[in-house]
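K.L.:
One letter stands for each residue in the lines below.
2 protein chains.
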Amino acid sequence: MRVSREEVNRVITTLNFRHEEGTVIAVIQDAETGEVLMVGNMNEEAVRKTLETGYTHLWSLSRKTLWKKGETSGNYQLVKEVVVDCDGDAILVKVKPMGPACHTGNRTCFFKVALQRNSV
Amino acid sequence: MRVSREEVNRVITTLNFRHEEGTVIAVIQDAETGEVLMVGNMNEEAVRKTLETGYTHLWSLSRKTLWKKGETSGNYQLVKEVVVDCDGDAILVKVKPMGPACHTGNRTCFFKVALQRNSV
Numbered sequence: 006m007r008v009s010r011e012e013v014n015r016v017i018t019t020l021n022f023r024h025e026e027g028t029v030i031a032v033i034q035d036a037e038t039g040e041v042l043m044v045g046n047m048n049e050e051a052v053r054k055t056l057e058t059g060y061t062h063l064w065s066l067s068r069k070t071l072w073k074k075g076e077t078s079g080n081y082q083l084v085k086e087v088v089v090d091c092d093g094d095a096i097l098v099k100v101k102p103m104g105p106a107c108h109t110g111n112r113t114c115f116f117k118v119a120l121q122r123n124s125v
Numbered sequence: 006m007r008v009s010r011e012e013v014n015r016v017i018t019t020l021n022f023r024h025e026e027g028t029v030i031a032v033i034q035d036a037e038t039g040e041v042l043m044v045g046n047m048n049e050e051a052v053r054k055t056l057e058t059g060y061t062h063l064w065s066l067s068r069k070t071l072w073k074k075g076e077t078s079g080n081y082q083l084v085k086e087v088v089v090d091c092d093g094d095a096i097l098v099k100v101k102p103m104g105p106a107c108h109t110g111n112r113t114c115f116f117k118v119a120l121q122r123n124s125v
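Note that the protein sequences, when read in sequence, are chains A and B.
Per our numbering, residue 6 is the first one in the first sequence, and the count goes up by one each step.
Per our numbering, residue 6 is the first one in the second sequence, and the count goes up by one each step.
Among the hints, a few may not be true.
[To be verified] In silico PhoX-like cross-links for lysine-lysine, where the CA-CA straight-line distance does not exceed 25 Å:
1) A:Lys54 / A:Lys73
2) A:Lys54 / A:Lys117
3) A:Lys117 / B:Lys69
4) A:Lys54 / B:Lys54
5) A:Lys101 / B:Lys117
6) B:Lys69 / B:Lys54
7) A:Lys73 / A:Lys101
8) B:Lys117 / A:Lys117
9) A:Lys101 / A:Lys117
10) A:Lys69 / A:Lys54
[To be verified] Example chain B residues on the side facing chain A (calculated, C-beta under 7 Å, incomplete):
11) Glu25
12) Met103
13) Cys107
14) Gln121
15) Arg122
Since the hints were derived computationally from the structure, they do not count as laboratory data.
Beta carbons: idealized from backbone N, C-alpha and C, even for Gly.
Can you build the whole structure from these sequences, using the hints too?
P.N.:
In C-alpha cells, the structure reads:
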C-alpha cells in the first residue's frame, strides 16, 4: 500500500483497541466478490504491519503472536481498502486473496451454513 | 425463521463461546448487497433469540445487556441466513435490514474509509 508512517499513525488514532488483549475486531472481506472470508483480531502492531506492508496481519489470541495471513500456506491477502466502524473498535479489511482463506482449504472460513430462510 | 428448539440447540452445539463474556463474534451482512453492516457479540441467549425470532439480537459488552437490533430505532434486521466459521467462534448473519444499521444514520457502521488502494 506504500502508506507513510504519518498516515498509519492517523489511522491508529481513530481506533479504540478495547477488545481482548488490546485489539480491534478485524473482518476480512473479498474486495471483488463481497464474500466475508474470516474474522480475527488486530492489535496496534498488526494494524501497522497491515497498512505498511499491504498484507493482512493479525494478532492470534490463541497463540499470543502476530502473524501474517498466509505465512505458512502462501495464501496471502493483498489489502485493497480499510474501513473503520463508527466507534473505532472494528476494522473492515477488503482484500484480494492469493488463495483460500481457511486452513481447511475452503475459500472462506464461513462455510458451515447453519440455517437458511428460503425466501430471500 | 420458525426454528425449532432442536434446531437451535444443534446450532448452539457447533459454537465455541470463547470470546469476551462468553460470546462469539457476530458479523452482520446485508444478504442482498453483501455490504458488511456491523460487528457485535452474541452470547448463547443472543444466538437463541436471533434464531427463534428471526431478528438480530446481540449481547452488548458495554451495557452488559441483551438487545434486539432496532429496538429503539425501529431498524430491525430480518435474518435470512446464518453461517458458522471453521472453528465455531464467529457467526455470519445475513440479513434484510429494515433501515440504517448505524446509530449515526449511515446504512453501515463501516463508513470511515481509512485507506484505499486505487487499482483494485
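K.L.:
Tell me if the straight-line CA distance from lysine 54 (chain A) to lysine 117 (chain A) falls inside 25 Å.
P.N.:
Measuring from Cα to Cα gives roughly 31 Å; hence the hint is violated.
K.L.:
Should the hint that glutamine 121 (chain B) touches chain A count as held when the rule is a Cβ pair under 7 Å?
P.N.:
Constraint on glutamine 121 (chain B) satisfied, holds at 5 Å.
K.L.:
With a cut-off of 7 Å, does the beta carbon of arginine 122 (chain B) approach a beta carbon of chain A closely enough for the hint to hold?
P.N.:
holds (5 Å)
K.L.:
Run the distance test for lysine 117 (chain A) versus lysine 69 (chain B): straight-line Cα separation, threshold 25 Å.
P.N.:
violated (29 Å)
K.L.:
Would you check the hint for lysine 117 (chain B) and lysine 117 (chain A), treating anything up to 25 Å between C-alpha atoms as holding?
P.N.:
violated (30 Å)
K.L.:
Does the closest beta carbon of chain A sit nearer than 7 Å to the beta carbon of methionine 103 (chain B)?
P.N.:
With a minimum Cβ separation of about 15 Å from chain A (threshold 7 Å), the hint on methionine 103 (chain B) is violated.
K.L.:
Regarding the pair lysine 73 (chain A) and lysine 101 (chain A), is the alpha-carbon distance no greater than 25 Å?
P.N.:
holds (15 Å)
K.L.:
Against chain A, is cysteine 107 (chain B) within 7 Å by beta-carbon distance?
P.N.:
holds (5 Å)
K.L.:
Does the alpha-carbon distance linking lysine 101 (chain A) and lysine 117 (chain A) stay inside the 25 Å limit?
P.N.:
Holds - the C-alpha atoms of lysine 117 (chain A) and lysine 101 (chain A) are around 22 Å apart, at most 25 Å.
K.L.:
Take a quick look at whether lysine 54 (chain A) and lysine 73 (chain A) sit within 25 Å of each other, Cα to Cα.
P.N.:
With a Cα-Cα distance of about 9 Å, the restraint between lysine 54 (chain A) and lysine 73 (chain A) holds, given a limit of 25 Å.
K.L.:
Below or equal to 25 Å on CA atoms is what counts here, so check lysine 69 (chain B) against lysine 54 (chain B).
P.N.:
holds (16 Å)
K.L.:
Between lysine 54 (chain A) and lysine 54 (chain B), does the CA-CA distance stay at or below 25 Å?
P.N.:
violated (38 Å)
Figure legend: structure checked against the earlier numbered hints; hints not met, in rising order: 2, 3, 4, 8 and 12.
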